[in-house]
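Based on these hints, arrange chain B on the given structure of chain A.
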Amino acid sequence: MLSQSQSLFDPTITRRAVVDAFSKLNPLVQLKNPVMFIVAVGAVLSTMTVLRDVASGTFSGFTLQITLWLWFTVLFANFAEAIAEGRGKAQADTLRKTRSGSTARLLTQYPSLTEHRVVAAELKVGDVVLCEAGDNIPGDGEVIQGIASVNESAITGESAPVIREAGGDRSAVTGGTQVISDCIYVRITSEQGDSFLDRMIALVEGAQRQKTPNEIALSILLAALSIVFLLAVVTLKGFAYYSEIASGLTNSLLSIPVLIALLVCLIPTTIGGLLSAIGISGMDRLIQRNVIATSGRAVEAAGDVDVLLLDKTGTITFGNRMASEFIPANGVDAKRLAEAAQRSSLADETPEGRSIVVLAKELFGIRGHENTEHQTTFIPFTAQTRMSGVDVGIRSIRKGAADAVIKLVESYGSVFPADVKRAVEDIAKTGGTPLVVAEIVENKAVVLGVIHLKDVVKGGIKERFAELRKAGIRTVMITGDNPLTAAAIAAEAGVDDYIAEATPEIKLKRIRDEQAQGHLVAMVGDGTNDAPALAQADVGVAMNSGTQAAREAGNMVDLDNNPTKLLEVVEIGKQLLMTRGSLTTFSIANDVAKYFAIIPAIFATLYATNGTGALSALNIMRLATPESAILSAIIFNALIIVALIPLALRGVAYKPLPASTLLWKNFLLYGVGGIIVPFVGIKLIDMLVVVLHLV
Amino acid sequence: MQTTELLQIALYFGLLIILTPLIGGFMAKIFTGEKTWLTPVLTPVEGFIYKLSGVDDREEMSWKQYACALLVFNLLGFLAVFILMLTQAALPLNPQGVTGTSVLLALNTAVSFMTNTNWQAYSGEAALSYLTQMVGLGVQNFVSAATGIAVMVALARGIARKQGTSVGNFWVDLTRSTLYILLPLSLLLAIILISQGVVQSFGSYVQTTTLEGRSQMIPLGAAASQIAIKQLGTNGGGFFGVNSAHPFENPTPFSNFLQVFSILMLPAALTYTYGKIVGSVKQGWTLFAAMLVVLLIVLGVSLWSETQYNSVLQTAHQMEGKEQRFGVANSMLWGMTTTVASNGSVNAMHDSFSPLAGGMAMLNMMLGEVIFGGVGAGMYGMLMFVVITVFIAGLMVGRTPEYLGKKIEAFEVQMAMVAILAPSAVILIGTMIAVLIPQGLSSLNNQGPHGFSEILYAFTSAAGNNGSAFGGLTVDTPFYNIALSLGMLIGRFGVILPALAIAGSLVGKKYTPPSLGTFPTDKPLFVVLLLAVIGIVGALTFFPALSLGPIVEHLLMNSGKIF
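Sequences listed follow chains A and B, in order.
The first sequence lines up with residues 1 to 695 when you count with the numbering used here.
The second sequence lines up with residues 1 to 563 when you count with the numbering used here.
With the rest of the complex left out, here is chain A (with noise of 0.2 Å):
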């Protein structure tokens, strides 16, 4: 139910936003961001002039309007936050729902069974619970005896069962979970409030969101930035006094709301506004994707990760080997060998060998239940015989390793045809694995031919890899295989480069050698001998499904065990920090436009001659009057942030380009566009204005 995505304007949602878009007026609140800081004492101070009008009988709704766009402006920002906020806490409801009021079952003196029912809040570390069918598992725990599958789609939304067994790397449980099948014996491994469950509720509810390095950078560059522009404003009141008296003025041109209205215009309340929500959106898209990030710092390492270890089981290829090819030995038919090979298989049910009546089925049309007329009898492959296969009647039918059926068609007094042999080496050459199909009838042994298993690369895997090439990514494969196997893999797949063979420790090394020459690294993992490098990687996703102490290694869950995702986090950061600069450049752009609108307006009438002020010249939109000026700008300035809200949660659009591309796009878009679109807006809205006499 995470991975259920929402409208970006749910009314629930939205009708919560706007109560806390007033709660957070709270000056708490708003100290936190110095850009709308200043937009809230302007619009407190503006307030107070405003009623200091209303007592002295000099009321105007100019003054009037422009304190309630300011309040907007505030309000509209707190809005955006809310609303990012919303949706986190709207899926921690639910979330919360899976927690609440469940009972355990406590073994005081495991292992012996005396049990005694406890609420769930009362377990400590340690504990060991007894889980059956239709419990609840109450708390993040280690399986230390049994096995059981349990729906954990509370988290993940994946209503398949998963297995979770005692030892090995399916042994971590999660609270809030639910056993369907057998009973599982959980010691308990965290306390109560702090549980898995619990942070990702946290998490997700944004409750203990701490500004990420790259926010809290860009938030001193806001407020040095609102700093220069305080100083403009507040020294112009200070020029303006003495341009006054040279131009034999007699009243002042700045009143104070007027003052506040340039500032607030100036300042970058659009980026300052919409900053937080962003860096909220960002985590919940990962969310979104059923991936929880443990800190907004890792979904930003996530957009400079320039290194990806990818594990080539489940994220390259399939997870298993696939028969391709039977290739027959010399005077056998091709047919013969595939039949042969499917009947040795019917009852093998590894994938290899469902691959293997697959490809026979596909290539021959030979069906299974053709073959099962005869008393047959299967041999499953063991240790010691490195071979399985089937007797049907007098015929023996084996299939195995090249070095295997040679010793048994040898002791059969056969000899091992060449042809045959070569084709096993070249199979092995390509990283692929034979297998040996004979045929023993009669005491007489004949090798029929080889069957090719190999990896099979996803499809659209190497077009990716080719993609992240482009953004600068370089991936890594990562896999247990001999070397041979492993770079005709990565050249299959297009990686751009692979360890083979590889043990933590190596893994480990190879992060660490990348880190030193500063690169940033990603990584997958769910075993426990994974932790080390999930720890060392700057990106670190664990599989849900894996132990404990992956989990607790990685900065990132995720929900699906899909190694895979560890593209998308790429991209969701990159799109964080994307939407971020972007909307920086957007809002500073802004500027020009607002300059020209309020700096001929506030002087319209000084040093003038015939009534027109000599700076009336700079007027380059014609705005109608210097008020409705004044009130198109601070109108423009509140709507636009409003505008971007949408943008803001979304993020900006990413597709993996390299860099001087996707800055030309985004220059072009978000900068220049930065500079136009305040002329074209503040020039309609002063149309509007004049059109409903607002002043």
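Treat the hints loosely; a few may be bogus.
[As the list claims (entries may be wrong)] Listed next, the in silico PhoX-like pairs over lysine-lysine satisfying Cα-Cα at most 25 Å (straight line):
no.	chain 1	residue 1	chain 2	residue 2
1	B	Lys35	B	Lys162
2	B	Lys510	A	Lys509
3	A	Lys124	B	Lys510
4	B	Lys523	A	Lys655
5	B	Lys510	A	Lys470
6	B	Lys35	A	Lys470
[Stated by the list, open to error] Across the chosen pairs, the derived CB separations fall in these ranges:
no.	chain 1	residue 1	chain 2	residue 2	range
7	A	Thr503	B	Lys162	29 to 35 Å
8	B	Lys162	A	Asp182	55 to 61 Å
9	B	Ser195	A	Gly248	51 to 57 Å
10	A	Val691	B	Trp304	37 to 43 Å
11	A	Gly248	B	Thr307	30 to 36 Å
12	B	Ile83	A	Asp513	57 to 63 Å
13	B	Trp304	A	Leu669	32 to 38 Å
14	B	Lys51	A	Pro504	45 to 51 Å
These are calculated hints, taken from the structure and not from any lab test.
Don't be surprised by glycine CBs; every beta carbon is placed ideally from N, CA and C.
Below, chain B without anything else, positioned relative to chain A:
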């Protein structure tokens, strides 16, 4: 404009582009310790200097040590000039018998020459002895320029070095800049200038009778040697009061060309030096291109403005305040280069420029003196804008920002903004105070927007360490002497210290090798982005102030009103 004038401007920029890699490459060799043709001659001298002063030239400094050494050295320079000015009456080489100056003028002048500003609240021929000019001001002209180069080199090292801790040795950088670069070039230039008729003499002033039969005092002095370094070191402080408009300081069109060229020669070449040190000449050329574009724009605007028909003066050939032997084009070329480059020497009076041309001169300084800028100072100032540009635009490619493989993070942004904010604050706050208090206003000779421009120009010139004056403002007053001294100090060290802090922070950072995903900082688009940031963050801040000064004056002039 005449064809010859256009040709001369083309020759100017052509020569600048040709000499930039030659001189820039030479300077890079000096700072990376490579051999040059001067090495055999000067290495013994260099070694002798270190021996004499007890400097270990192999010792490396952290940014804080580097900054400390720099501050101590500058303080000593300040004290030397300060004391010389107060005591010059009792010291030798004072044939005219000038007296000691006031304490505040000495303070202002000592700060001015230490900070490479060369703001002059005095007239050289009337107020200073030959000794003060040479030992005080002359020496500071060399070492303040060398200080700027040293800071730039330290920053470049901070960027280029991979996970180091030190940014170089201040004493070595200072000595090498002076010994290998500034001294030889000044010597050469001084000799050529003498050949053109610039005076170089220890003799006392000459009294003659003019054709009108009146008595006139003709000042002399060791001018040529000082003028050479004043141009090359972007100092700008004239030997005589009217600077390079004076016929003894700048007698011929050829001497004028040499001097105006010397203003930009080293700042331009340092872009190449920077590229060499950080390992990519293209990076240097990119910054050069950005600077050149701005200079060509402001030069174009000022030339256009100067050649428009002026309805008040009823001419399109405005020669007021300009020297007949230079004409409009050469006065504009000088006026623009001297203000972009934080030089401050003049060959025409900026007060008399058309309002827009005067405004351009101000704008040049308001940009933070980063368009070529002072020797070294222009480059490290420009790099502050580069940091901000990389930070804003770098995010748009989906990576946390990095420049030349170094991550730009909160600390760098903070420091760069301090460096940009400090001079801006001086200009805005200083001008505001001056236009509000009688001590500020009483120095004005003109009113209205022109008076406003005079005050705005003075604080802009101080903050940018430029030193040129708009004129029309009496600045040897307690208020201006103190306020502008403060402005010069903030404008200098408010940029140097953040720049060195960034050098120290970057030098310790991990280096990320470039990939296709890296934000490119050596492409034309980067020039555009950089200029946009300079324009919006640097220039637009002053748009309101400029509107009330030169812009409104220009608009009023067009409707027949002057001030």
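Taking the hints in turn, this is what the structure says about them:
no., hint, in the structure
1, Lys35/B / Lys162/B, "holds, 24 Å"
2, Lys510/B / Lys509/A, "holds, 18 Å"
3, Lys124/A / Lys510/B, "violated, 43 Å"
4, Lys523/B / Lys655/A, "holds, 21 Å"
5, Lys510/B / Lys470/A, "holds, 24 Å"
6, Lys35/B / Lys470/A, "violated, 42 Å"
7, Thr503/A / Lys162/B: 29 to 35 Å, "holds, 30 Å"
8, Lys162/B / Asp182/A: 55 to 61 Å, "holds, 57 Å"
9, Ser195/B / Gly248/A: 51 to 57 Å, "holds, 56 Å"
10, Val691/A / Trp304/B: 37 to 43 Å, "holds, 40 Å"
11, Gly248/A / Thr307/B: 30 to 36 Å, "holds, 33 Å"
12, Ile83/B / Asp513/A: 57 to 63 Å, "holds, 60 Å"
13, Trp304/B / Leu669/A: 32 to 38 Å, "holds, 33 Å"
14, Lys51/B / Pro504/A: 45 to 51 Å, "violated, 58 Å"
The structure shown violates the earlier hints numbered 3, 6, 14.
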